[in-house]
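Undergrad: In case you want the letters, here they are:
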Amino acid sequence: MSKQSAQSASSGPAEKHPIRGLWKLSLFSTAFTYFVIFAGGLVRVAGAGLGCPDWPRCFGRWFPPTDVSQLPAGVDPASFNVTLAWIEYSNRLGGVIFGLILVYQSIYVLRHFRHDKQILWTTLLATLFTGVQGWLGGYVVTTDLKPIIVTLHMALALVILSLVIWTLLRARTLLDPSKQLPREKTIALRRWTVGLWIFAIFQLSLGAAVRGALEELVVTHPLATGREALALVGTIKHLHLLCGMLMAAVTGYIWNRALSIDTGKSSPIRIAASSSLHTVGLQILLGFVLMLVGTAAVAQLFHLMLASAFIGAVVFLYGALQPKDS
Amino acid sequence: MASKLTSSLTAVAAVLVVFVIIAWVVTKQAESSRVDLPILGDVTPYSFVDHEGKTFTRDSTTGQLTVYSFFFTGCKGVCPVMNSRLSSLYTSFRGSSRVRLVSISVDPDVDSIPVIAAYAAQNGVVDRNWLFVRGPIDEVKQLCEKSFLLAADGFPSNHPVKFILVDDQSRIRGFYEGTDEESVRYLKGHIRELARTLQ
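Protein sequences appear in the order of chains A and B.
Under this note's numbering, the first residue of the first sequence carries the number 114, and numbering increases by one thereafter.
Under this note's numbering, the first residue of the second sequence carries the number 2, and numbering increases by one thereafter.
Fair warning: there could be bad hints in the mix.
Claimed, not checked - Negatives, chain B to chain A, calculated, CB over 12 angstroms:
#1 A24
#2 S89
#3 T92
#4 R95
#5 V103
#6 D108
#7 V116
#8 A118
#9 Y120
#10 G125
#11 G136
#12 G155
#13 Q170
#14 S171
Claimed, not checked - Pairwise CB distance ranges (calculated):
#15 B:P46 to A:G251: 47 to 57 angstroms
#16 A:P260 to B:E53: 38 to 48 angstroms
#17 B:A14 to A:P260: 32 to 42 angstroms
#18 B:V18 to A:N369: 45 to 55 angstroms
#19 A:L206 to B:D110: 57 to 67 angstroms
#20 B:G64 to A:F312: 28 to 38 angstroms
#21 B:G75 to A:G347: 43 to 53 angstroms
#22 A:T256 to B:P137: 20 to 30 angstroms
#23 A:F312 to B:P81: 44 to 54 angstroms
#24 B:E53 to A:D180: 37 to 47 angstroms
Think of the hints as simulated: they come from the structure by calculation, not from any bench.
Beta carbons: idealized from backbone N, C-alpha and C, even for Gly.
This is chain A alone, in the form it adopts within the complex (with noise of 0.2 angstroms):
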């Protein structure tokens, strides 16, 4: 089915329209999915997870009070910041915008794609995830930050933007299909970037777990430096960073790989596997400031961001990969 709708976008400029729209409101789900994630990442650095309280409304308004005086009746004012309260709330205002573009970019793809199964299951399910993503942003709240919830929030909104990143790839192969390689040539280096989104995923885990394990020392060691409490988390912090050499010898030998099978010099393969390795470089320097300088809030915000553009990048290497006749 997938290849009456390339071959279709090869057929005529007017028969390109809706592909061309879909790469245009894919690309910009993409990046509204990283703003999202900054926004999310924000409000965990900025420690304003309980900056509103409830869910979904703020201290019982559709958005937060801007002063004490504003408060329900029975509400504890040491409870209020506004500062968070806003940090917080822009989070859930990003998760909702993006969540009402996905479901316009689902109506989109139901009309002009729904023969296709990758775009159709991708876009439907990012936006199934979102919703589901809504909830459980709900329950973080609920559960008063439980790490684990904070930490499956955090997973599912990396798989949304590989969900998101999938359907701007395939919209992409099918605007220009002569980039593509035969399978026998993809398929080992295919698997390959499987298992590196796996350990990806799993080495972010890992990466919420120091976090979480930094939050648990806040309440028995409050003063401690980030510097500090840092030098009190065990084992798990080692393993981090024993899995992000790993990650990085694994992402090396992808990146050669994909340099070897394909030679173009401005080939998505290369591209992607070249930000893959620059990404998980970048990552183990900025691991290291994060252990020198103590925790610093702007640095672990951008520690995430790079594990997410990671992630993107493996997944746009994958997408890269799809063979010729997919």
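Given chain A, put chain B in place with the hints provided.
TA: Okay, now just chain B, sitting in the frame of chain A:
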């Protein structure tokens, strides 16, 4: 191709710079908002005696954060709950000279120095970071009503259950429900943020 790549990289770098600036500003704003607690009044001078028999005045707390509370040793209702919350604060900030808990007796006739010393030991107090103090009842009432603006007409059985956070300059920065776990969690957060600003 090269110019396209350069312009793409420039765009990515520009976006990155914008996001770094946003992240930096927002996290700094969040940080300062945590210590931006209102100033709710000043603690008037007082002179009490602590459970070690030493004189304890308002000026003894200068330079450190103080969490005030009221109790009496015969209290079997809310005091054990309040003490368990204070005990968790005491454990959390143990070893820091920047934070001190002060529990003021509202029944000084019964709560003599040996009685409050035994009460302190019962609550696991091993240093001067949590002091149980006693003083003339009129002075206690005055502190409660005039400084903390809390009712003091039903002493001893009817005493405030609030914890009062006072900064290093004897200024009141917050009131917290001493029996409510969530409220005490906010108190803990506020102590942490204010304590970080003290050297």
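Undergrad: Please confirm whether V116 of chain B is truly not at the interface, meaning its C-beta sits more than 12 angstroms away from all C-beta atoms of chain A.
TA: holds, 31 angstroms
Undergrad: Can the suggested window of 47 to 57 angstroms be confirmed for the beta-carbon pair P46 of chain B and G251 of chain A?
TA: holds, 49 angstroms
Undergrad: With 44 to 54 angstroms as the target window, see if F312 of chain A and P81 of chain B comply at their CB atoms.
TA: Since the Cβ atoms of F312 of chain A and P81 of chain B sit about 51 angstroms apart, the hinted range of 44 to 54 angstroms holds.
Undergrad: Just checking, Y120 of chain B versus chain A, shortest CB gap more than 12 angstroms?
TA: holds, 25 angstroms
Undergrad: Please settle this one: S89 of chain B was flagged as non-interface, so is its CB more than 12 angstroms from every CB on chain A?
TA: violated, 9 angstroms
Undergrad: So is G136 of chain B really clear of chain A, every C-beta pair being over 12 angstroms apart?
TA: At roughly 28 angstroms from the nearest Cβ of chain A, G136 of chain B sits farther out than 12 angstroms, so the non-interface label holds.
Undergrad: Are A14 of chain B and P260 of chain A spaced within 32 to 42 angstroms by their CB atoms?
TA: The hint (32 to 42 angstroms, Cβ to Cβ) holds, given that A14 of chain B and P260 of chain A are roughly 34 angstroms apart.
Undergrad: Checking a non-interface call: every C-beta of chain A should be farther than 12 angstroms from the C-beta of S171 of chain B. Is that right?
TA: With a cut-off of 12 angstroms, S171 of chain B remains clear of chain A, as the shortest Cβ separation is near 20 angstroms.
Undergrad: Please confirm whether Q170 of chain B is truly not at the interface, meaning its C-beta sits more than 12 angstroms away from all C-beta atoms of chain A.
TA: holds, 19 angstroms
Undergrad: Determine whether the Cβ-Cβ distance between T256 of chain A and P137 of chain B falls within the hinted range of 20 to 30 angstroms.
TA: violated, 48 angstroms
Undergrad: Could you tell me whether the CB distance from G75 of chain B to G347 of chain A stays inside 43 to 53 angstroms?
TA: holds, 45 angstroms
Undergrad: Do the Cβ positions of P260 of chain A and E53 of chain B conform to the proposed distance bound of 38 to 48 angstroms?
TA: holds, 41 angstroms
Hint check: violations occur at hints 1, 2, 3, 4, 18, 20 and 22; the rest are consistent with the structure.
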